[in-house]
Amino acid sequence: ILNVEQSPQSLHVQEGDSTNFTCSFPSSNFYALHWYRWETAKSPEALFVMTLNGDEKKKGRISATLNTKEGYSYLYIKGSQPEDSATYLCAYDLTNAGKSTFGDGTTLTVKP
Amino acid sequence: NAGVTQTPKFQVLKTGQSMTLQCAQDMNHNSMYWYRQDPGMGLRLIYYSASEGTTDKGEVPNGYNVSRLNKREFSLRLESAAPSQTSVYFCASGGQNTGELFFGEGSRLTVL
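If you read the protein sequences in the order shown, they are chains Y and C. Just so it is clear: in the first sequence, position 102 is 776 by the numbering used here, and no numbers are missing. Just so it is clear: in the second sequence, position 32 is 37 by the numbering used here, and no numbers are missing.
Keep in mind that a hint or two might mislead.
Here are the simulated distance ranges between beta carbons [to be verified]:
{"no.": "1", "chain 1": "C", "residue 1": "Lys62", "chain 2": "Y", "residue 2": "Tyr750", "range": "33 to 39 Å"}
{"no.": "2", "chain 1": "C", "residue 1": "Met24", "chain 2": "Y", "residue 2": "Thr714", "range": "21 to 27 Å"}
{"no.": "3", "chain 1": "C", "residue 1": "Leu74", "chain 2": "Y", "residue 2": "Ser681", "range": "37 to 43 Å"}
{"no.": "4", "chain 1": "C", "residue 1": "Asn75", "chain 2": "Y", "residue 2": "Ser702", "range": "33 to 39 Å"}
{"no.": "5", "chain 1": "Y", "residue 1": "Gln683", "chain 2": "C", "residue 2": "Gln27", "range": "31 to 37 Å"}
{"no.": "6", "chain 1": "Y", "residue 1": "Lys752", "chain 2": "C", "residue 2": "Pro66", "range": "37 to 43 Å"}
Each computed DSSO-like pair below joins lysine-lysine, with the alpha-carbon atoms no more than 27 Å apart [unchecked claim]:
{"no.": "7", "chain 1": "Y", "residue 1": "Lys716", "chain 2": "Y", "residue 2": "Lys785"}
{"no.": "8", "chain 1": "Y", "residue 1": "Lys743", "chain 2": "Y", "residue 2": "Lys716"}
{"no.": "9", "chain 1": "Y", "residue 1": "Lys716", "chain 2": "C", "residue 2": "Lys14"}
{"no.": "10", "chain 1": "Y", "residue 1": "Lys716", "chain 2": "Y", "residue 2": "Lys752"}
{"no.": "11", "chain 1": "Y", "residue 1": "Lys785", "chain 2": "Y", "residue 2": "Lys731"}
{"no.": "12", "chain 1": "C", "residue 1": "Lys76", "chain 2": "Y", "residue 2": "Lys716"}
In case anyone wonders, no lab produced these hints; they're calculated from the structure. From a predicted model like this one, the values you see are computed outputs, not experimental measurements. Note that beta-carbon positions come from the ideal geometry of N, C-alpha and C, so glycine has one too.
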């Protein structure tokens with residue numbers, strides 16, 4: 675069983691704060707790392723997929739980095755807004771078969 | 006564009022009853038997946054199908070069977086439901102190459 679760990683488990687911030695969370699995964703073998711955003715009562719939606727060491731992806735105020743040599747990825751949210759409140763999942767692919775192993779997620783709550 | 010649709014959205018069963026969760030995708034993806042999500046935990050893979058006519062076990066397959074009826078449809082069957090199978094079930098498609106998964110809206114199953 676592959677171990678994918680996310681921290682922190684939950685995070686409460688004020689509107690306007692910037693925040694970041696971590697995803698750790700096995701560094702010995704790697705194909706891809708995904709970040710998903712999961713809003714309450716909806717289904718997870720893909721944010722980023724990263725495949726190369728040093729990859730950086732950005733979508734609006736959200737960005738992500740990848741370090742495959744040490745086995746971690748960071749997700750950053752700049753100037754958090756209440757609509758950013760969601761659970762953020764990372765998922766690790768060992769091969770291109772698409773059998774992602776998910777972390778338990780980080781639940782972000784942004785207070786107005 | 007419907008994406009991934011799964012039915013039913015809610016179901017209550019008694020221990021020992023059987024039921025089938027249906028999933029269909031209209032994105033012409035080869036790969037389809039069934040995940041379960043339990044409180045405080047991430048998504049865990051039950052079964053997946055890399056292509057029509059093939060299925061493989063994931064992390065937590067015990068107590069489940071699947072059928073890949075055609076390229077569009079992938080069903081999950083509980084032959085004799087147990088309280089430990091109370092969960093939210095998500096069907097997904099996609100995954101190969103880019104690895105991005107597209108999820109259905111989830112099916113909440115309660116086994117009494």
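Hint check:
1. C:Lys62 <-> Y:Tyr750: 33 to 39 Å: Holds, since Lys62 (chain C) and Tyr750 (chain Y) (Cβ atoms, about 36 Å apart) stay within the stated range.
2. C:Met24 <-> Y:Thr714: 21 to 27 Å: holds (26 Å)
3. C:Leu74 <-> Y:Ser681: 37 to 43 Å: holds (40 Å)
4. C:Asn75 <-> Y:Ser702: 33 to 39 Å: holds (37 Å)
5. Y:Gln683 <-> C:Gln27: 31 to 37 Å: For Gln683 (chain Y) and Gln27 (chain C) the Cβ distance comes to about 33 Å; the hint holds.
6. Y:Lys752 <-> C:Pro66: 37 to 43 Å: holds (41 Å)
7. Y:Lys716 <-> Y:Lys785: Judged against 27 Å, a Cα distance of about 20 Å means the pair holds.
8. Y:Lys743 <-> Y:Lys716: The given pair, whose Cα atoms are some 34 Å apart, is violated under the 27 Å limit.
9. Y:Lys716 <-> C:Lys14: Cα-Cα ~12 Å, so holds.
10. Y:Lys716 <-> Y:Lys752: holds (23 Å)
11. Y:Lys785 <-> Y:Lys731: Distance of about 26 Å is within 27 Å: holds.
12. C:Lys76 <-> Y:Lys716: holds (25 Å)
In this structure, only the earlier hint numbered 8 is contradicted, and the remaining ones agree with it.
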